[in-house]
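A.B. asks: For reference, the chains in residue letters:
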Amino acid sequence: MKIFKVYAILSFILLLVSGASYGQLKEGEPIVFGVPTALGSIEGRDSWMSVQMAVEEINKKGGIRIGTRRHEIRAYAIDTREHEPGIPLHDALIAQEKLILERKPHAIVVGNFRSEVLLSTMDLIAKHRIPYICSIAMTPLMQKKVTEDYEKYKYTFRNALNAPYLSMYLSKLMEFIGKEFGFTKAYIVVQDTLWATATGSGLEKWFKENKWEVVGFDKYPLGASDFSSTLMKVRATKADVIVPIFDMPQSGILLKQARAMKIEALPVGFISPIAPENAWDVFEGEVEGFVNLVFEVGPLPVKAVPKSIEYNRNFGLRWGEAARKSLSGHGPGPSYDAVYIMADAIQRAQSVDPDAVVKALEATDMHGVVGRIRFAKDHQVVYGLDPKESAIGAAFQWRKGKRVVVFPDVVAEGKIELPPYVKPKK
Amino acid sequence: MITGIIIYGLVNSFILALVAMGFSFTFGISGVANFAYGALYVLSGYLIWIFLNWLKIPFVLASLLTILLSALFGYVTYYAVLLRVRGIVLSEVTATFALGVGLLEFFRWLGFVTYEFSLPSIKKGSISILGFPLDYQRLFVVIAGLGLFIFIYWFTHYTRIGLSLRGIAQNERTAISLGINANRLAAISVALGSAFAAVAAIFVLPLGIISINTGYEALLIAIAVGIVGGLESLSGIILASLILGFVQVLVGFYLSPDWIMVIYLLAIILILVFMPSGLLGKFKELEERV
Numbered sequence: 000m001k002i003f004k005v006y007a008i009l010s011f012i013l014l015l016v017s018g019a020s021y022g023q024l025k026e027g028e029p030i031v032f033g034v035p036t037a038l039g040s041i042e043g044r045d046s047w048m049s050v051q052m053a054v055e056e057i058n059k060k061g062g063i064r065i066g067t068r069r070h071e072i073r074a075y076a077i078d079t080r081e082h083e084p085g086i087p088l089h090d091a092l093i094a095q096e097k098l099i100l101e102r103k104p105h106a107i108v109v110g111n112f113r114s115e116v117l118l119s120t121m122d123l124i125a126k127h128r129i130p131y132i133c134s135i136a137m138t139p140l141m142q143k144k145v146t147e148d149y150e151k152y153k154y155t156f157r158n159a160l161n162a163p164y165l166s167m168y169l170s171k172l173m174e175f176i177g178k179e180f181g182f183t184k185a186y187i188v189v190q191d192t193l194w195a196t197a198t199g200s201g202l203e204k205w206f207k208e209n210k211w212e213v214v215g216f217d218k219y220p221l222g223a224s225d226f227s228s229t230l231m232k233v234r235a236t237k238a239d240v241i242v243p244i245f246d247m248p249q250s251g252i253l254l255k256q257a258r259a260m261k262i263e264a265l266p267v268g269f270i271s272p273i274a275p276e277n278a279w280d281v282f283e284g285e286v287e288g289f290v291n292l293v294f295e296v297g298p299l300p301v302k303a304v305p306k307s308i309e310y311n312r313n314f315g316l317r318w319g320e321a322a323r324k325s326l327s328g329h330g331p332g333p334s335y336d337a338v339y340i341m342a343d344a345i346q347r348a349q350s351v352d353p354d355a356v357v358k359a360l361e362a363t364d365m366h367g368v369v370g371r372i373r374f375a376k377d378h379q380v381v382y383g384l385d386p387k388e389s390a391i392g393a394a395f396q397w398r399k400g401k402r403v404v405v406f407p408d409v410v411a412e413g414k415i416e417l418p419p420y421v422k423p424k425k
Numbered sequence: 000m001i002t003g004i005i006i007y008g009l010v011n012s013f014i015l016a017l018v019a020m021g022f023s024f025t026f027g028i029s030g031v032a033n034f035a036y037g038a039l040y041v042l043s044g045y046l047i048w049i050f051l052n053w054l055k056i057p058f059v060l061a062s063l064l065t066i067l068l069s070a071l072f073g074y075v076t077y078y079a080v081l082l083r084v085r086g087i088v089l090s091e092v093t094a095t096f097a098l099g100v101g102l103l104e105f106f107r108w109l110g111f112v113t114y115e116f117s118l119p120s121i122k123k124g125s126i127s128i129l130g131f132p133l134d135y136q137r138l139f140v141v142i143a144g145l146g147l148f149i150f151i152y153w154f155t156h157y158t159r160i161g162l163s164l165r166g167i168a169q170n171e172r173t174a175i176s177l178g179i180n181a182n183r184l185a186a187i188s189v190a191l192g193s194a195f196a197a198v199a200a201i202f203v204l205p206l207g208i209i210s211i212n213t214g215y216e217a218l219l220i221a222i223a224v225g226i227v228g229g230l231e232s233l234s235g236i237i238l239a240s241l242i243l244g245f246v247q248v249l250v251g252f253y254l255s256p257d258w259i260m261v262i263y264l265l266a267i268i269l270i271l272v273f274m275p276s277g278l279l280g281k282f283k284e285l286e287e288r289v
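Chains as they are written, first to last, in numbering that gives the first Met the number 0: chain U, 0 to 425; chain W, 0 to 289.
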């Protein structure tokens, strides 16, 4: 009987030790962050640079402390090419699985570029049980999956803006523009991807509920670069506002074409290639007057969020001024923050055990480049209008080569002005 | 609005014709299906971008250099790749397509994939045609298209090399028996087709941006216009460009821009089923008669 007790106690201790050692690291073992994303896109490229910057900063301070040991972070990227037209979803998934199997990451940051890929990746993440913070793809269906099957999909988080929040920002902007200039007719033009069409549809609903007339809603396939048919219709319908929602590289040309066709509607929306500081030169100044939404501050430094200014300056110091000037408006800020969020969660969990890290991530409450960071129950970071309360996006207007922050009020450094080619209605 | 549709339909037709001209020229003369054509179009775009932005060479000189280098690339390609597989159509297509894909993916690997690869307009601003604004760049596309048609007509009808090229196109064996060097002329036709791709790139690319995807799209345009019009027929190219150009604008305007690319594929299938030689081509018809 005594021998049984000894065995039982020994087994119990063994069980405890093996359980406790799960998710623990050896002396000097680095914590590995995987970065599978579309490195060829400006969003992916800048996000990867931001991750490296954050990793260097954390490692310089001694890395992540677990118990008495300190562990450096090592980040490895793989190009999923998912932003390119015609790349099958399966290719992006294979690239991600390759990274997972070869590098065995303890966590994944930045993640997918396309919403369609993100939704499939969630199953891959569930299979491998890796805490994952997405900083680019925007579909709200991610949250739906987390809510509907929490146990399976609890490893997936997102700290970037999502499509409903984008619609919220755009509708608030439209509300202001409507009141200020008396505009009531809008033309929506989007790229044919999940996040963009979801944003466009959300905005269309808002327009209709708020007595605006939506005179057109066009979708363009990825890679399209001739927008003349839409612009002709904008002209024919005498729309007051044209609302483009695009992240493909070709989309920047839309404004050049609009100027060439003397379109008199105010462009307000999101065109990724028009967000960086160098867009004025690239598009020969034809972006004058465009009100562009930067999804998350950071690439657009705003005084109300000091960390965004610090990040912007440090990015220039680390990667050069040319790289800073081409910082994209979606992805880099949250990607930089994602490294800090994940490192903080691992440190609080005192483990790299995925379930422990997920619990710690859910309890995140910190201030980053994008404002205050807290995850909602559906694992989406809360976005709002005050950086002290939530993460924040901001709109700026191109005026004589400068990006003037105009929205929301808390961070605005100027007011929206109508460019010479648009006439107010009141 | 009808004015707008007519103007933009016409301009769109010239864009298609300009992009397709080099491909059809080479095939019509030497029978070489240069499936690296789209890559050459994009290569020309990147070359002129590099000349303008990195080497700070003036636009006119940069354009001339681009045309020259593109032609040289075509010439070398013929002797390095095509000569070995000449006459085996499937091998020609495979070899040139592989070369094109390799070239495009090389640029992707180099990181030539962002919005920053955009060419400046030759002249900013626009003019009014029947009350409808048309930017100068599109106007230059029309002028370049017309200029290229006239040049090709003159070249193939009034120059020694052009007449020899037509001789090869009509009957290669007879042309060889009369002392014409078929290989040299085929190389010249590939070089000229490549030069025309560069001309198209210089005028058309400032309307959009230079992207890898543009290369695949240019090849699709060239194939669609060539098949619809008849690959060896200059007038067929013009007719096909007009039809496809206007249909695209009408579809974009009345249906959805989402469907524009479908037009090419639909046109290729319909023509291959009902008129395999194309609207004004004779190749298939002649084969069947023989």
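Check before you lean on any hint, since a few could be wrong.
The list that follows gives simulated cross-link-like pairs (lysine-lysine, BS3-like), each with its CA atoms no further than 27 Å apart [what the hints assert, rightly or not]:
| hint | chain 1 | residue 1 | chain 2 | residue 2 |
| --- | --- | --- | --- | --- |
| 1 | U | 387 | U | 302 |
| 2 | U | 401 | W | 281 |
| 3 | U | 261 | W | 281 |
| 4 | U | 422 | W | 123 |
| 5 | W | 123 | U | 237 |
What the hints contain is simulated information worked out from the structure, not anything from laboratory work.
Predicted, not measured: the structure shown is a model, and the values here were computed from it.
A.B. asks: Now tell me if each hint is right for this structure.
C.D. replies: Each hint, compared with the structure:
no.	hint	result
1	387(U) to 302(U)	13 Å, holds
2	401(U) to 281(W)	58 Å, violated
3	261(U) to 281(W)	44 Å, violated
4	422(U) to 123(W)	23 Å, holds
5	123(W) to 237(U)	24 Å, holds
Violated hints for the displayed structure, listed by number in ascending order: 2 and 3.
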